[in-house]
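The residues making up each chain are set out below.
There are 2 protein chains.
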Amino acid sequence: MLAQVEKWDFFEYSLPYQGSDNPFLDVTLEATFVHSNSQVRVSGFYDGGGVFKVRFMPSQEGVWQFVTCSNIPVLDGQQGEFLCVAPSANNHGPVRVFNTINFAYEDGMPYLPVGTTCYVWNLQGDELEEQTLETLRRSPFNKIRMCVFPKRYLFNRNEPPCYPFPGEVTQIWDANVERAYRSSEPPQYWDFSQFNPQYFQRLEKRILDLRTLGIEADLIIFHPYDSGAWGFDRMPVEVNQRLLRYLVARLSAFRNLWWSFANEYDLFIGRTIEDWYQYMQLVQQIDPYNHLRSIHNCGAFYDHNKPWVTHCSIQSQAVGRVPSWLEKYHKPVVIDECGYEGNISMVWGDLSPEEMVMRFWLGFTQGGYVGHGETYLSPDEVLWWSKGGQLKGESVPRIAFLRSIFEHAPMLTPFKKLDMEYLDLLNPEVSGNLFGAPAGGDKIIAEGGWNHEVGGYNLEHGYYLFYFGMRQPALRNFNLPDGKYRIDLIDTWNMTLETVAENAMGQTSIELPTRKFMAIRIHRNFDS
Amino acid sequence: MLAQVEKWDFFEYSLPYQGSDNPFLDVTLEATFVHSNSQVRVSGFYDGGGVFKVRFMPSQEGVWQFVTCSNIPVLDGQQGEFLCVAPSANNHGPVRVFNTINFAYEDGMPYLPVGTTCYVWNLQGDELEEQTLETLRRSPFNKIRMCVFPKRYLFNRNEPPCYPFPGEVTQIWDANVERAYRSSEPPQYWDFSQFNPQYFQRLEKRILDLRTLGIEADLIIFHPYDSGAWGFDRMPVEVNQRLLRYLVARLSAFRNLWWSFANEYDLFIGRTIEDWYQYMQLVQQIDPYNHLRSIHNCGAFYDHNKPWVTHCSIQSQAVGRVPSWLEKYHKPVVIDECGYEGNISMVWGDLSPEEMVMRFWLGFTQGGYVGHGETYLSPDEVLWWSKGGQLKGESVPRIAFLRSIFEHAPMLTPFKKLDMEYLDLLNPEVSGNLFGAPAGGDKIIAEGGWNHEVGGYNLEHGYYLFYFGMRQPALRNFNLPDGKYRIDLIDTWNMTLETVAENAMGQTSIELPTRKFMAIRIHRNFDS
Numbered sequence: 001m002l003a004q005v006e007k008w009d010f011f012e013y014s015l016p017y018q019g020s021d022n023p024f025l026d027v028t029l030e031a032t033f034v035h036s037n038s039q040v041r042v043s044g045f046y047d048g049g050g051v052f053k054v055r056f057m058p059s060q061e062g063v064w065q066f067v068t069c070s071n072i073p074v075l076d077g078q079q080g081e082f083l084c085v086a087p088s089a090n091n092h093g094p095v096r097v098f099n100t101i102n103f104a105y106e107d108g109m110p111y112l113p114v115g116t117t118c119y120v121w122n123l124q125g126d127e128l129e130e131q132t133l134e135t136l137r138r139s140p141f142n143k144i145r146m147c148v149f150p151k152r153y154l155f156n157r158n159e160p161p162c163y164p165f166p167g168e169v170t171q172i173w174d175a176n177v178e179r180a181y182r183s184s185e186p187p188q189y190w191d192f193s194q195f196n197p198q199y200f201q202r203l204e205k206r207i208l209d210l211r212t213l214g215i216e217a218d219l220i221i222f223h224p225y226d227s228g229a230w231g232f233d234r235m236p237v238e239v240n241q242r243l244l245r246y247l248v249a250r251l252s253a254f255r256n257l258w259w260s261f262a263n264e265y266d267l268f269i270g271r272t273i274e275d276w277y278q279y280m281q282l283v284q285q286i287d288p289y290n291h292l293r294s295i296h297n298c299g300a301f302y303d304h305n306k307p308w309v310t311h312c313s314i315q316s317q318a319v320g321r322v323p324s325w326l327e328k329y330h331k332p333v334v335i336d337e338c339g340y341e342g343n344i345s346m347v348w349g350d351l352s353p354e355e356m357v358m359r360f361w362l363g364f365t366q367g368g369y370v371g372h373g374e375t376y377l378s379p380d381e382v383l384w385w386s387k388g389g390q391l392k393g394e395s396v397p398r399i400a401f402l403r404s405i406f407e408h409a410p411m412l413t414p415f416k417k418l419d420m421e422y423l424d425l426l427n428p429e430v431s432g433n434l435f436g437a438p439a440g441g442d443k444i445i446a447e448g449g450w451n452h453e454v455g456g457y458n459l460e461h462g463y464y465l466f467y468f469g470m471r472q473p474a475l476r477n478f479n480l481p482d483g484k485y486r487i488d489l490i491d492t493w494n495m496t497l498e499t500v501a502e503n504a505m506g507q508t509s510i511e512l513p514t515r516k517f518m519a520i521r522i523h524r525n526f527d528s
Numbered sequence: 001m002l003a004q005v006e007k008w009d010f011f012e013y014s015l016p017y018q019g020s021d022n023p024f025l026d027v028t029l030e031a032t033f034v035h036s037n038s039q040v041r042v043s044g045f046y047d048g049g050g051v052f053k054v055r056f057m058p059s060q061e062g063v064w065q066f067v068t069c070s071n072i073p074v075l076d077g078q079q080g081e082f083l084c085v086a087p088s089a090n091n092h093g094p095v096r097v098f099n100t101i102n103f104a105y106e107d108g109m110p111y112l113p114v115g116t117t118c119y120v121w122n123l124q125g126d127e128l129e130e131q132t133l134e135t136l137r138r139s140p141f142n143k144i145r146m147c148v149f150p151k152r153y154l155f156n157r158n159e160p161p162c163y164p165f166p167g168e169v170t171q172i173w174d175a176n177v178e179r180a181y182r183s184s185e186p187p188q189y190w191d192f193s194q195f196n197p198q199y200f201q202r203l204e205k206r207i208l209d210l211r212t213l214g215i216e217a218d219l220i221i222f223h224p225y226d227s228g229a230w231g232f233d234r235m236p237v238e239v240n241q242r243l244l245r246y247l248v249a250r251l252s253a254f255r256n257l258w259w260s261f262a263n264e265y266d267l268f269i270g271r272t273i274e275d276w277y278q279y280m281q282l283v284q285q286i287d288p289y290n291h292l293r294s295i296h297n298c299g300a301f302y303d304h305n306k307p308w309v310t311h312c313s314i315q316s317q318a319v320g321r322v323p324s325w326l327e328k329y330h331k332p333v334v335i336d337e338c339g340y341e342g343n344i345s346m347v348w349g350d351l352s353p354e355e356m357v358m359r360f361w362l363g364f365t366q367g368g369y370v371g372h373g374e375t376y377l378s379p380d381e382v383l384w385w386s387k388g389g390q391l392k393g394e395s396v397p398r399i400a401f402l403r404s405i406f407e408h409a410p411m412l413t414p415f416k417k418l419d420m421e422y423l424d425l426l427n428p429e430v431s432g433n434l435f436g437a438p439a440g441g442d443k444i445i446a447e448g449g450w451n452h453e454v455g456g457y458n459l460e461h462g463y464y465l466f467y468f469g470m471r472q473p474a475l476r477n478f479n480l481p482d483g484k485y486r487i488d489l490i491d492t493w494n495m496t497l498e499t500v501a502e503n504a505m506g507q508t509s510i511e512l513p514t515r516k517f518m519a520i521r522i523h524r525n526f527d528s
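Line order of the protein sequences matches chains X and B.
Quick note: the first sequence uses my numbering, first residue 1, plus one each step.
Quick note: the second sequence uses my numbering, first residue 1, plus one each step.
You may find that some hints are simply not true.
[Unchecked claim] Sample of chain B residues facing chain X (criterion: CB under 8 Å; computed from the structure): (1) 343; (2) 344; (3) 347; (4) 350; (5) 351; (6) 354; (7) 355; (8) 377; (9) 471; (10) 472; (11) 474; (12) 476; (13) 477; (14) 514; (15) 520; (16) 521.
Derived from the structure by calculation, the hints contain no laboratory data.
A quick note: this is a predicted structure, and the numbers were derived from the prediction, not measured.
C-beta: ideal position from N, C-alpha, C; glycine also.
All chains, please: the whole structure from these sequences, using the hints.
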């Protein structure tokens, strides 16, 4: 009987071979998988202990056959087959860009990214890592940003359980090394001609743990929080390229994988924008499954219009700019870092829970996605944002509530101030328009900037959402287009949703409770 | 014995004459006031009932002599004198621009504008007007925006007690006429060749009432909230010019007068930007006392760099842009409208008190000034923002607290993200810098926009102020320059100030309570 593998799970084939001093460099191994008209070529990788592996994620049901190709005769021409069966209930395939600015799983189910960040949760030892997984299981998060490499930074002083390359650390800078940048060369600890398979086995175990929880692993390949202490941020180009090939060979068969090429790419020293272009293009070329690709800024944005970028992964505290980024890039906008809920001494980690939740609503209402992080001071230095552990903040339940709202929302387009649909919807004879100006509203954008009241809509679905942030209107007036509408009042902080009108038509006034953090949802009754 | 007039009070001289059918057009009257080397020429005006008046505000103590000049023999060549004596304790003269971006009274005392808006409080009848004055007396406000002309708008349906021109209203639009703009011509109600002195007597009584309370009258000459119902927003150019001359003749001797040429100048129809230039230039030319001159936008800003503009009077909800406006205009920045505390259905009148107070702190900390207004729904339609009456909101006591802080602050310069003084002050080895980026902070400005943590400083005074808004840091680290410092923790919402360090030096950590709306004040001890 053939081995059975679910669609979008992976098939793994092992080949023993011990005849090389450095199998990472000496041996080439590929396999071609064939299914009726489909043919997919994947790279194998050396997994240590004299074992090579080939992994493959099938995206079509039925029998797949494969044959290997290698410069080593004993690894060459090996053949086999397996049966790809229907996916199980919680397996929807990899996430893809859908509808230009949104996401969906490959089976068509919409995917709403509600992400968090735990940069190196996977390098904290089993006890803490298991706790993190348990916390994630009970959380609203379905995406997590995490790093391939260990991190050396504030609140990140511990060494990882092992290292990605063979070698031994003989001196570790003892304080504040994130600002050191002492040399443009990495230290001489490592044999960069090989990998440490154990390190990557740990990594992939955790990615698969996330897969079990239905969480996408937004895997950050490079980051600058090393500062030359280990030197993983300043390896030679050929080592970086070999790493990328190794990661693709090992990990790309995991359906919940996203490639994030860097965190704060613009903080690296000695790496040009062309280097980043080449790394992303290389993976675009060799990843058989075309996983999502992004790169995350500190200050200056990467050019997200580049064709190898699938979506914008943004750091910015100005979440109100989602509409302008959507317009500029025509790709999904994910603000992976808008600041974190917490109380540390940096402005990127001291948001009140109210501010964190407000930023989520501002972003999502306008058709973007916002990511969470948590940085509460803790004597054990276990801050969620980098090590995982337990969530302590007040924003998480509100983010779960937000997710429950937006998972039932159609795709939203942000209102612009002079958007005719918008102005038609509002009832200017009674309320003035939303932006307070009987004329010249476009000029307000130019000079006055964004403000906290935002809206998004989907005309096809007759769906309108308005979020009021720190405003507290007691009344909003609408001029509803043809049809009957249900109107819900949402308290985004107290997590309540109340239907305040059924079958509303035409000119409609909605009363609100003169309270912060409210939203109004208007939805056409298609059954009436 | 000579009549005695305080410096910066006004001397008034009346001249009877009844020989003209239209004294407003037929009679010219001026007077020249002389004091040693000074000579000031002022215009007289007809005050009705056969009486002409000349008013003069002396700015030098001692004897002033005057002589009139008129095309009417009986009004010509009249002479007199009075004695200008020292000002009383609460009289500091008119407010002037000081130190490029700040204000001071003419006697040198700093003036911190803490303004509110009650557009037509002066046209509501004595009972309500007296209540407004009593409310103002107990308030923190020392500036008020108010209109010459009556207002027809939402919540402003009542006719004024009288009209600025002789005539009779024969038809008043009965609803929503602020959006009517039915004709580019004013209706035929008025004799624009004359004024109604009674109307202006009421106006000047109220300006003098404000003067008694130490409140500057930021007098809005033109506004568009008429929409042709009365037509005062679309009078012929020569009527507008005559009005300006009449206002200067009547009112410019009042030391607490500021000229605001328009509210939302960009919403007028049939008036070009050149018209506005000419009106402001005319007053610049004929006002003997050079009162402050500004003009207020709805959307597009007026060019505040024009030499006849003394300060920026801004409408914008983006108070975080104060630093860019200071840099662009090199004049005081007064955000007279950043939105109002209230709960009406428009975004310019639905700010929570927390948001209103936050905008004040954001603006003031960065060297600008922010104005208040209040728009809570009320069955009697008496909303503070237009009619005055009573204040109901929660922001006012916090604004009083803010005033108490900033009245003791030196002039502040906003920190910019790459400001070297700023980066020196912070302790990057411990905290990272304030903006979270070890490098490339300027790029954050370009892409990420302003955020809620702001600071201002005065190096000469060794004074630093940081405001945290919706952030809740538990810690901030500073690298204090030479000297010893007192450090105060300010809760801007709960209105407390606590000294948390005396004689602090060098690297200093300040603990905060993980709470919103906090500020830190750092002040060098010059006596230590």
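Against the structure, the hints come out as follows:
no.	hint	in the structure
1	343	4 Å, holds
2	344	7 Å, holds
3	347	5 Å, holds
4	350	4 Å, holds
5	351	6 Å, holds
6	354	6 Å, holds
7	355	4 Å, holds
8	377	6 Å, holds
9	471	4 Å, holds
10	472	5 Å, holds
11	474	4 Å, holds
12	476	5 Å, holds
13	477	6 Å, holds
14	514	4 Å, holds
15	520	12 Å, violated
16	521	17 Å, violated
Figure legend: structure checked against the earlier numbered hints; hints not met, in rising order: 15, 16.
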